[in-house]
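Trainee: Take these sequences, add in the hints, and give me the full structure.
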Amino acid sequence: MLKSIFTATAALALSTAMSNAQDLSAMSWDEIVAQAQEEGELTWYVWYLQDDLRRAVQAFEEEYGIDVTIPEGTNASNADKLLAERDRETGDIDVFAWGYDSFANVTLDELFMPLTMLPEDAGRVSSLAGVDGGDHVLAFWGNQSGIAYDPAHVDAENLPQTPEDFAAFWQANPGRFGFNYENGGSGPSYYQNMLRAMTGVDFSDGEVTDDRIAALEPGFDFFNEHAEHYVITAGNADSIIRVSDGELWMVPAWEDHLAGLQNRGEVRDDIAFYIPEMGMNGGGNGVAIPLNAPHPAAALVFMNWLTSAETQTMFNSTFGTAPMNTAADDSAALVPNEQRAFSTVWGAQPFRGAVEEAFIDAVILER
Amino acid sequence: MTLRRWLTVILLLLPGLGLILGLIGTVVWIAIAQSFGLYGLNGEDQFTLQYWAEVTDRRVFARSIRYSFYVGTVSAILSVALAYPLAIWLRKPFTGSMTIGAILKAPMLVHGLVAAFLFINVIAYHGILNQAMQALGIWDEPRRLQNDSNAIGVLILQVWKNMPFALLLLTGAVQGISDDVLDAARDLGAGAWDRFRKVIAPLSISAMQAAMVIIFIGAMADFSFQVIAGPTNRQSMSQLMVFFKDRGDWHSAAVVGVTLMGLAMLGASALAFLARLVMKGRSR
Amino acid sequence: MTREQLNKALLILLLVICTIWLVIPFGMAILWSLVDPSEPWTADRLLPPAMSFWRWRDMWENSSLQVAMATSYTLAPLAALLSLALATPTAYALGRIAFPGRELAKLLCLLPLVVPGFVTAIFFTSLLFQLGLHTWRFGAILFAHAVLALPYAIRIMTVSFEQVRQDHIDAARDLGATPLARFRVAFLPALRPGIFATLLIVFIQSIEEFAIAFILGSPDVVTIPTLLFSALGQDYVRPNAAVLSLILVVPNVILMLILERLLKSANPTLASGKG
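Chains L, Y and A are the protein sequences, given in the same order.
Position 91, counted from 1, in the first sequence is what my numbering calls 91; the numbers after and before it change by one each time, with no gaps.
Position 109, counted from 1, in the second sequence is what my numbering calls 109; the numbers after and before it change by one each time, with no gaps.
Position 3, counted from 1, in the third sequence is what my numbering calls 3; the numbers after and before it change by one each time, with no gaps.
Don't read these hints as lab results, they were simulated from the structure.
Model, not experiment: these values are computed from the prediction.
Relax, there's no trap hidden among the hints.
Example chain L residues on the side facing chain Y (calculated, C-beta under 10 Å, incomplete):
| hint | residue |
| --- | --- |
| 1 | THR107 |
| 2 | ASN183 |
| 3 | THR233 |
| 4 | ARG242 |
| 5 | GLU247 |
| 6 | GLY353 |
| 7 | ILE360 |
| 8 | ILE364 |
| 9 | GLU366 |
So the derived label-pair ranges between C-beta atoms look like this:
| hint | chain 1 | residue 1 | chain 2 | residue 2 | range |
| --- | --- | --- | --- | --- | --- |
| 10 | Y | LEU7 | A | LEU262 | 34 to 44 Å |
| 11 | Y | ALA132 | L | ASP270 | 22 to 32 Å |
| 12 | A | LYS8 | Y | LEU7 | 51 to 61 Å |
We treat Cβ as the ideally placed atom computed from N, Cα and C, and that holds for glycine.
Mentor: Below, the structure written as structure tokens:
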């Protein structure tokens, strides 16, 4: 019985929300902007750097006279809220930001509005980090994983670039290299690229077979042979903090995360960052509009602004992110452009998930 | 029991247990259904045993059960064992006893996340503990204490946070024992240990069980202490659950969740039963 | 050794333990809260290189802290009272009436404790949304917290009810006391510690709970843990978290002391009379 209540309300919510979206799709862009201004406000759920983003969206508020609220919250809590209120007729979320690969974990058209009424802009990016956002998700924040290091102990001229280089570093400096396997993607980006570089397995193929997992064995053995020499950390933030404290000398990290912590005076600002030649993954965040958004027109106008070339250029210069509009200027990135060439794409699902499970079983639990 | 008496009991249970069964029972049902492939958040809805078969087959599953059980049991026993003597000591008020009580209870008022971050600071590689040990000449070089593989860090945090809770319950119970009873026991020649075993323990066993059970469940289901301070080569059940959930694999997460619920209930009853057995009290 | 000497020795021992127990963690928190944003405090230094009250001022003036505190400190006491009220009848039945299945009922009362966090976060709130509770967000959070804290309230009050002595009730009745008077003389002294413990525990549960308060309340109703989790989340700013936690501990301790004083009757040991 309960089940039927759930599905009935879900269907009801879906149909009303659909009609909202359809109303909008019948309008011209000017009409949508007019309605957005009538709505007058919107709530953007974004899970990081809320203070800085509140400052960044002031330009939008001034231009359109629409107020943007950015509530406090975390990645997990925002996602839980999105799912908990998916059956409500009108929810609280207008624009929802999420790690781009997280969007792959849900069925997009059941949760989010199609964005086909946005004005044509060929520069927008809807496919990132191996995930295709289709008509429902647009990227607004590009970031890069790489290696953060302590220049007081590591020679910037002689940075490890390949799995063999890293093994040499581990042996020469036992206990000074650390990476996480959960609570953030920097460590997974590191070990997956190590595995790829060592075994040559094609990560862009999402198919899971026993043979393909078995082909990674030599990589697992490599990590196990050197198990004594590296440290497993508790997460993205833990890694960077332990470099700042002088305990570790080298850890995988996200470029924008490191920059954010440095700006806040949380970690030393002499910690440097590079992308090794073997490659590490680029990633990013996307935005989408829930079907039951209370201010759908304002949400659309905001997304149009957020993903425009001008805003993306501004983000690049303010946050050092990789612009998510091909027409934007990307000259202000934290990493030199020749290193950007080493950026790789996340492995395709479900293979990537299977690799992570296998890595935990074969390497992490063996420690 | 008469019908009338039954009716009274049911009416009395309604606002408490009734609400729990009505609301949380529904939620528990959803979790169970999810573990069998129903209530999917991503479209597909089909009854299947596949998730149970797959998850229980993973090595990490059995290990997480063993680990969570270990953390739950040790935390519960340690917290209660530490709280008992303190409760007995504080049974009768004396100068300063209220201050001591307040100080001992203070950790309850510190948010768990904050406690964990303070703890990590203290034991960090260059943290105050390492520096003190080196200054005293006990250690030659800093030791890596964070995320130790025996989960000592997690246990310290659990006891720090939960001992006050046990103390709170036990103080109430121990204070309820009248002096006459204890005096009578003393007059009959019972030593301190006998008085504890034969008088105090039986009369406070309910409170002790309640403390034990609640701490056990909380520690067994722990996520935040484990993530910050726990060993990195093991996962607690909650951690494993979140691992699946973050991949959008709700059904596998539910399998772990349902197992956790079942084992927590089972463990709680077993612990309560054992406590009663050990104390050999003739409780009421 | 006399009891007095013993107490003295124990006091000294306790003082040492307290240092480890409280002074070190809180001292560290105070130091962290004073870290000036101009230079980070790395663990290889004993004291922060630059200290100021900047973070305290900034936190107090620029965040939603004041609103969040008002919400949380209204919410938590109400949740404690509501939970106590809902739990008392059940606890009475479990503590004073012998009925078949009582042990099972006691066990089932623990359910809210064992349900995994993500399940309550998504499905319990979803249920509350469907019951239409979200029209009054504050009320929805209040109700949710009271229900989730029921296991504590029920178990603690059950223990208290078990400790009420039948001879006291009988004596009061024999003396012709009204039900209210009977409650006051026979029940209340034994229940007091339980009531205190319940209110305190539920208060703490409510003031610490994050996921449900966030999902039901955001963006309009903000509670303190929302700020705390933001400070300790992805952006993990330790000094800010330290400021927040210190700001929170002070009112908590004061509240606890007030509550203890209010409920501190004559010690039940002394009041209980002949056994």
